[in-house]
Amino acid sequence: MPKNTHDVIVIGAGHNGLTAASYMAKAGLDVVVLEKNDWIGGAAVSRELYPGWKYSNCSYVCSLLRPEIMRDLELYKYGLQIIPYEGSATMMKNGDYYTHYHDHDMTINSIRRHSHKDAEAYERYSRDVLRQCKIIKPLLKMTPPDLTSFKPKDLFGALEFAKHFAAKDELGGLGEKEIYDTIRFYTMSIRDYLEEYFESEITKAHLAGSAIIGTALGPCSPGSAYVLLHHYMGEVDGSVGSWGYARGGMGSITQAMMGCLKDHGGEVKPSSEVINVITKNGKAIGVATQNGDEYYAKKIVSNLDVKRTFLKITEEKDLPDDFVRSVKNFKIRGSSGKLNIALDGLPDFPCIPEGDPGGGGDMHFTETIEEMEGAYDDWKRGEWSRNPYVDMCIPSKSDPTMAEPGKHYMSVFIQYVPFNLANGGWNEERKQEFGRHIVDCIAEFSPNFKDLINHYEVRTPLELENEVGLTEGNIFQGELTMDQLMFNRPVPGYAQYRTPLKNMYICSSSTHPGGGVMGAPGANAAREVLLDMNVPQKGNYY
Amino acid sequence: MTQDLRYSALKKTPFHSRTSLASRTNKYYNWNGYTVPTEYSTTELEYTAARNGTSVMDLTPMGKYEITGGHAHQFVDYLVTRDLSEMKDNTVAYIIWCNEDGKVIDDGTIFKFSSTKFMLCCAVKIYNWLNDSAYGFDVTISDVTDTIAALAIQGPTSCSTLKTFGATDLETLKPFEMREYKIDGFDILISRTGFTGDLGYELWTDPKNAELTWDNIEIAGKELKLRPFGMNALEMTRIEAGFIQTNTDFMAAEDSLRPTRMRSPYEIGMGWLVHLNKNSYFVGKKALKKEKEESTTERCLVGLDIDGDKPAHGSVIYNSKKEDIGIVTAALWSPIMKKNIALASLKRPYGIQIKENIFAEIYHPEELEYRKIWARCKVVKRQFFNPERRNKVPADLYE
Chain A
1 MPKNTHDVIV IGAGHNGLTA ASYMAKAGLD VVVLEKNDWI GGAAVSRELY PGWKYSNCSY
61 VCSLLRPEIM RDLELYKYGL QIIPYEGSAT MMKNGDYYTH YHDHDMTINS IRRHSHKDAE
121 AYERYSRDVL RQCKIIKPLL KMTPPDLTSF KPKDLFGALE FAKHFAAKDE LGGLGEKEIY
181 DTIRFYTMSI RDYLEEYFES EITKAHLAGS AIIGTALGPC SPGSAYVLLH HYMGEVDGSV
241 GSWGYARGGM GSITQAMMGC LKDHGGEVKP SSEVINVITK NGKAIGVATQ NGDEYYAKKI
301 VSNLDVKRTF LKITEEKDLP DDFVRSVKNF KIRGSSGKLN IALDGLPDFP CIPEGDPGGG
361 GDMHFTETIE EMEGAYDDWK RGEWSRNPYV DMCIPSKSDP TMAEPGKHYM SVFIQYVPFN
421 LANGGWNEER KQEFGRHIVD CIAEFSPNFK DLINHYEVRT PLELENEVGL TEGNIFQGEL
481 TMDQLMFNRP VPGYAQYRTP LKNMYICSSS THPGGGVMGA PGANAAREVL LDMNVPQKGN
541 YY
Chain B
1 MTQDLRYSAL KKTPFHSRTS LASRTNKYYN WNGYTVPTEY STTELEYTAA RNGTSVMDLT
61 PMGKYEITGG HAHQFVDYLV TRDLSEMKDN TVAYIIWCNE DGKVIDDGTI FKFSSTKFML
121 CCAVKIYNWL NDSAYGFDVT ISDVTDTIAA LAIQGPTSCS TLKTFGATDL ETLKPFEMRE
181 YKIDGFDILI SRTGFTGDLG YELWTDPKNA ELTWDNIEIA GKELKLRPFG MNALEMTRIE
241 AGFIQTNTDF MAAEDSLRPT RMRSPYEIGM GWLVHLNKNS YFVGKKALKK EKEESTTERC
301 LVGLDIDGDK PAHGSVIYNS KKEDIGIVTA ALWSPIMKKN IALASLKRPY GIQIKENIFA
361 EIYHPEELEY RKIWARCKVV KRQFFNPERR NKVPADLYE
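For the record, the sequence lines run as chains A and B. Read left to right, the first sequence gives residues 1 to 542 (my numbering). Read left to right, the second sequence gives residues 1 to 399 (my numbering).
Next comes chain A alone, as it looks inside the complex (with noise of 0.2 Å):
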């Protein structure tokens, strides 16, 4: 029997990889986690580029993760703490803005301040959103059925997946109205779905930012609207559509599921890179790593992104050409980037009102729709975003632990940012040349910004792809578009976190439910892993 034998072998340690992990573990298998880089976490991490300060270098709030994950993995034992966004806001160019709030009737009076109509409008807006989120809620954690196939675990899947739709009471009591919403939900554009419900652009441009934050789609897509739904279906603590941040930065999520992991007799190996799925007569039984070293298990599982798991560490003789055709053609574009910068102070945006507690979250500058189609148009050419949409925070003023009091940490996420540059790619210079350019637009609402920054880190889609492994830089490891969701996510036929190569399994977030911090592709990917092994589950997830 060669050495470095165990029962699964889980290939990335990103928080997908890790919830696999931990979960598989806590069912009392030996599981080992390979991580190419010499730091774990994926995109979800905290790093100290500049002595003093931590960032959240890819992924930076939190309401996706699913609660029950936190609780069966205990992430609290092993620190994780969630605190929750005081506010948000859009910064406008006449010195005014725009806000919503945690507290319900202080967002209906900020509304109130830019239309009448819309406040209330708001309400009507968060309710029919809402019920969306609760048919969408149960659908995370199941495995989406095989609608093609004759076994009786499809045919009941694809009537459970039905009974959320045509529901009855206890399942969130939505009628045929309800379920032609959710149709319309999945297929229009969020400019389209909004103007249902909104008058003033400020209303629209603020509400429709989360409809293409790490989407290569625009706000008159169609699809983009699901975009919007998929920002809305996390929580903290009950409050559905809330976010916050995780106290310590994101790599807090990993590193609590770590301790979890290690503590039910897991092993995480840093610079491990999986070059090669080891075959035996079809038969996934190992990997290679780039070190030379050889690893073997029962069940191999990957927390890459689809495109990386089969045409890169995959042979393609191993599989079949009608799979390796889909995995091509699946939607993967890079659309974002970022930048975290260390501020000497906090930075005044004299639009937001000192104390007033829009500031304390996300914070943002696009006005109207048209200006964020307008950024869109330029991504297409292969540019950045001239008038760039940003979601920024400096999740400092809420969490102490990510600088020294006084000083600050401020998160910029960029939309959009393409992969594929135009005129010759990406280079440092061109990089620089990005970073500056978002630092100046962010400065035309910050007067002493500039003066306050003591370094940043410029992150595009190609970092995100060398760095990370996201291939093109999308962040959600294939775009969420209908075509691409559920039981066709990753690919058609291969929605249930099994792949045509038998012993390999799949958890990343290019399976269903998708992308952002969730947990919920690697916790039902272990379900499956330990349902074909015969292991009992345990835990309020299944």
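Just so you know, these hints were derived from the structure itself, not from any lab. Don't take every hint at face value.
[Stated by the list, open to error] Derived EDC-like pairs: lysine to aspartate or glutamate, alpha-carbon spacing no greater than 20 Å straight-line:
hint: 1; chain 1: B; residue 1: K12; chain 2: A; residue 2: D105
hint: 2; chain 1: A; residue 1: K36; chain 2: A; residue 2: E472
hint: 3; chain 1: A; residue 1: K177; chain 2: B; residue 2: E254
hint: 4; chain 1: B; residue 1: K12; chain 2: A; residue 2: D103
hint: 5; chain 1: A; residue 1: K177; chain 2: B; residue 2: D101
hint: 6; chain 1: A; residue 1: K93; chain 2: A; residue 2: D348
Here the structure is a predicted model, which means the values were calculated and not measured.
Let chain A serve as the given structure and place chain B on it in line with the hints.
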């Protein structure tokens, strides 16, 4: 009065300087985005003022919408289920309105000044709904919630209090009529309406006149057992009167997350306000006609007279086989009638054909332990309390 709404949750009403001064408890609650007292001193004494003397309540947070324009009358008639085609100027009507599925959005009162000017008062925010419904009508909708200060003056001595305040000949005003006065140089509209089921009036004026009005009414009612009156006491009186409260006794159609929680007028005892034979069309008419013709009404809202003296707050209602048949939406030990009463939403035929052998399971808290009481209920008329003085013309005077 314009308030800076930046970074603020609740607004103050134009009476706030007076209501906060009168408050001995500093207990407030959020009514429609305004801070108003829950209780000034003791709920029981405030309740007693409404049944014994005069109670004064700040009504400003009530949603108030002005509907003006050439089609105002047609629009209002289209909006509500009641036939308002014969409605006279300077009268008020109790109304409900539904969505297109015939599910109730809210109840309220409509004030007719002329065929081109109305005011609608209600609990939920409906500015958006009114505007959407007004498509194709020559009307202008303005939200006047902030620009009209309102007080409820209710109780047996309320007519005398307002007469002393300056409302000449007020006793001749009939229920659901309104009259414009000029008092202390300000225009004040007085309607004989209210939410306590007793003799009472509502007073509408400019916010600039609010503080002076409050002060002068307090002076006028000094010998007439006047007291400011908070939300808790109002809740008591309205249950006794059998008035329904939106989002308490039923979910407003526009607010309910779960469509199965929406209710038709027939399900909340408001069938009498649905005039299917009115000539013009109204929102929800087709759905309501169908419901009536096919007898598909599933629930009803009834009054319950319950054994014992422990209020049945939130109780589940059972039949004799211990099957769940409904829920209590509001409950009260009525001080004036000495009865244990409740409003309950029941699954038909209970409450309509079957009115006996119905039981409430009451959990009565007793020093950190709950006593479970199985109490027999009788289905009764929802209007538990309806004194003769309520509708008497001329109104009772204490002189």
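Results of checking the hints against the structure:
Straight-line distance between C-alpha atoms of B:K12 and A:D105 comes to about 13 Å, which keeps the hinted pair within the 20 Å bound. Distance restraint check for A:K36 and A:E472: the Cα-Cα separation of roughly 18 Å lies within the 20 Å cut-off, and the hinted pair is therefore satisfied. Of the supplied pair hints, the one linking A:K177 and B:E254 holds, its CA atoms being roughly 14 Å apart against a limit of 20 Å. As the CA atoms of B:K12 and A:D103 are separated by approximately 17 Å, the hinted pair is consistent with the 20 Å bound.
Pair hint A:K177 plus B:D101 holds up; C-alpha atoms about 11 Å apart against a cutoff of 20 Å. The hinted pair formed by A:K93 and A:D348 meets the criterion: a straight-line CA distance of about 15 Å does not exceed 20 Å.
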